[in-house]
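> Chains as they are written, first to last, in the working numbering: chain A, 1 to 184; chain B, 1 to 184; chain C, 1 to 184; chain D, 1 to 184.
Rather than coming from a laboratory, the hints here were simulated on the basis of the structure.
Heads up, the beta-carbon is just placed ideally off N, CA and C, and yes, glycines get one too.
Careful: at least some of the hints might be erroneous.
Cut-off 20 Å, straight-line C-alpha distance, at most; resulting in silico cross-link-like pairs (SDA-like, lysine to any residue) [unchecked claim]: (1) A:Lys87 - D:His133; (2) B:Lys87 - C:Glu76; (3) B:Lys87 - C:His77; (4) C:Lys87 - B:Pro21; (5) D:Lys87 - A:Leu95; (6) D:Lys87 - A:Pro44; (7) B:Lys87 - C:Ala45; (8) A:Lys87 - D:Ala157; (9) C:Lys87 - B:Ala45; (10) B:Lys87 - C:Thr107; (11) C:Lys87 - B:Leu24; (12) B:Lys87 - C:Ala79; (13) D:Lys87 - A:Ala16; (14) D:Lys87 - A:Thr82.
Which chain A residues stay away from chain B? Per the calculated CB distances, all over 12 Å, these [unchecked claim]: (15) Gln53; (16) Ile60; (17) Phe61; (18) Thr64; (19) Pro109; (20) Glu143; (21) Asp144.
Given next are the chains, with one letter for each unit.
There are 4 protein chains.
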Amino acid sequence: MNSNFRMKAPELAVSAWFNTPAPLSLERLRGRVVFLHAFQMLCPACVSHGLPQTQRVQSIFRDTDLQVIGLHSVFEHHAAMTPDALKAFMHEYRLTFPIAVDQPSDTGPIPQTMDRYGMRGTPTAIIIGRDGHVEYHRFGIEEDMIIGARLATLLAAPMPAPVAAGPEPAGCTSDGCTLDPHVG
Amino acid sequence: MNSNFRMKAPELAVSAWFNTPAPLSLERLRGRVVFLHAFQMLCPACVSHGLPQTQRVQSIFRDTDLQVIGLHSVFEHHAAMTPDALKAFMHEYRLTFPIAVDQPSDTGPIPQTMDRYGMRGTPTAIIIGRDGHVEYHRFGIEEDMIIGARLATLLAAPMPAPVAAGPEPAGCTSDGCTLDPHVG
Amino acid sequence: MNSNFRMKAPELAVSAWFNTPAPLSLERLRGRVVFLHAFQMLCPACVSHGLPQTQRVQSIFRDTDLQVIGLHSVFEHHAAMTPDALKAFMHEYRLTFPIAVDQPSDTGPIPQTMDRYGMRGTPTAIIIGRDGHVEYHRFGIEEDMIIGARLATLLAAPMPAPVAAGPEPAGCTSDGCTLDPHVG
Amino acid sequence: MNSNFRMKAPELAVSAWFNTPAPLSLERLRGRVVFLHAFQMLCPACVSHGLPQTQRVQSIFRDTDLQVIGLHSVFEHHAAMTPDALKAFMHEYRLTFPIAVDQPSDTGPIPQTMDRYGMRGTPTAIIIGRDGHVEYHRFGIEEDMIIGARLATLLAAPMPAPVAAGPEPAGCTSDGCTLDPHVG
């Protein structure tokens, strides 16, 4: 499948996981649709809209193979939004889907996953298709009906064809063309 | 195509149409997905939930081949909910999708389309797939996310294959077994 | 009490009453606070905001001597908003406070009470104090907290002093100055 | 004025103040009506209902002498709801009324003001009248219309008569009867 104009979803950079027995990775989730909701616990629109919507996604698509992931992408008030504070928040707001703490950066306030995806802020909703590409990326508040439609369409998509094992050769593949790092 | 467990959508029985240059029929809409919202103008849940949801369906799926139809299925207070009153209501509530007045019955308060579909009341949402079968039938209020998901799934379905002319033979096919009506 | 700048509330002109064993009149309600909500059954903001707010007023102030009155002031779509249609509407929306049908005008679409009060449209909320003057007049939607505050303040006001019997003499009184109709 | 059955409002025990140039005290606010909203920054009902309602109180009664005070009464998740975290929260939620941090207890999780008032939890709304007595105390969510009515009624009440200087003598006064501590 050719997907020149869709970004391959960068891997999550995570410093801590909650609500999951083992860390998740997009690599291992390949073949499934992923709904990724980036939030901050002190972001009003996340609390009133984004997180309740994510809980509805979790509930409505519970019988599908959709994976819901919350991403706590703190880019301000770092001292107030620690992992311990997040834990209390999750408890009070009854959040039960897996939540990842976005890995802080060594060089600035923007955490690493947020930076990799070029997010503009929180809340941000990202949907990743079965083949691991970003199918939807939206900062702010979105209508439930649109989220439902996008998820259903992607869940109905067939599993991607198996990829040959081994490192991807430099050059052109169905996903595009890459430089050979050893050249030059 | 045989579809034993899904009802073929009965044709609409309509005494008047609004917001359309020509009457619609499910027969002529075959091949398209139809969102049918049955309401009464004096039904509180229709006014506060069903009709606003139908307007969101109309807006969000405007670039698809979905056909939205409102069905005014009056089964009580007939003197208050006349076609003229409906016209004023449509104007005040800014309803712009095609609206059909469900054909009154000669023998009771339940109008004919409502009876054909076995609706329990209003609001009722019905979704008809490309092959003309009822894919969804729900009395009451439904979440936007679920409506969005159902519509997107059906819109993604391929057009049905053309059906051979003539009566379907009795006997067993891959879809099930039917009785020969001439036998016995 | 001097009240030069407050309009004395004009009497209601009513063609039919619902939800009351006998007609009401502001004259006979003198000494009590009155909450008057003017609406039309096909006015969206009345249905979604004004009438639910009036129901909350009725419920919250039920142990006071406040009188709640709905006023069906039809100034458009007259054929659709007949008294019979209003009766069905009241039934479906569970309205139990007294409702008056504003007396139609012989000369135009604006009914008589609406005209007397100079209302701009529906919904309009009017509060009349114990002394029969208009204390509050607002077109559109108002915050519950403000309505609650205005009603409580007026309900706390002492009953007005008894008025001398007989017709009010022309000339100046504490309420202002009036012309002698027999003069000139 | 006799007020046998109304509790005199205990003084606030506060470890830090925000949004005020100088600490407030109920003692110095005597003669004014006070709206006290006890909340926790991670309490969902406080965030979705109590604090927005308090902001409406602040806005709607801004031209009166009402004093609005937020009280951060943390009785769980102490590590997550520090004064620094509260500061970030206030910034994100645009809270501009004075906010007091309820003084932690040395002996248990319940802070001192919360304990003095016998609060059951958060959100709690308390209204203190001009004479310094508790006029309203409610745990949970209350209708805006009721809050508006209670505040307006108390704001309309006259200032209390000046109290004679010096210690109150034992015996019976207009406020009730007290024991002489030196007796017995």
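> Given the hint that C:Lys87 pairs with B:Pro21, test it: the Cα-Cα distance must not exceed 20 Å.
Judged against 20 Å, a Cα distance of about 34 Å means the pair is violated.
> Once the closest CB in chain B is found, is it more than 12 Å from A:Thr64?
Violated, because the least Cβ-Cβ distance between A:Thr64 and chain B comes to about 9 Å, which does not exceed 12 Å.
> For A:Ile60, is the shortest beta carbon distance to chain B beyond 12 Å?
Its Cβ does come within 12 Å of chain B, the nearest being 5 Å, so this is violated.
> Is A:Phe61 truly not at the interface, in the sense that its beta carbon sits beyond 12 Å from all beta carbons of chain B?
8 Å, violated
> Hint check: C:Lys87 vs B:Ala45, CA-CA at most 20 Å. Holds or violated?
It holds: about 18 Å lies between the C-alpha atoms, which stays within 20 Å.
> For B:Lys87 and C:Ala79, compute the direct alpha-carbon distance and say whether it is at most 20 Å.
11 Å, holds
> Under the criterion that the straight-line Cα-Cα distance not exceed 20 Å, is the pair D:Lys87, A:Thr82 satisfied?
14 Å, holds
> Checking a non-interface call: every C-beta of chain B should be farther than 12 Å from the C-beta of A:Asp144. Is that right?
4 Å, violated
> Compare the distance between the alpha carbons of B:Lys87 and C:Thr107 with 20 Å, and conclude whether the hinted pair is satisfied.
Roughly 25 Å separates the two Cα atoms, so the pair is violated.
> Are all C-beta atoms of chain B more than 12 Å from that of A:Pro109?
33 Å, holds
> Given the hint that D:Lys87 pairs with A:Leu95, test it: the Cα-Cα distance must not exceed 20 Å.
Distance of about 24 Å is beyond 20 Å: violated.
> Does A:Pro44 sit within 20 Å of D:Lys87, going by the straight-line distance between their CA atoms?
14 Å, holds
Checked against the numbered hints listed earlier, the structure breaks hints 1, 4, 5, 8, 10, 11, 13, 15, 16, 17, 18, 20 and 21; every other hint is satisfied.
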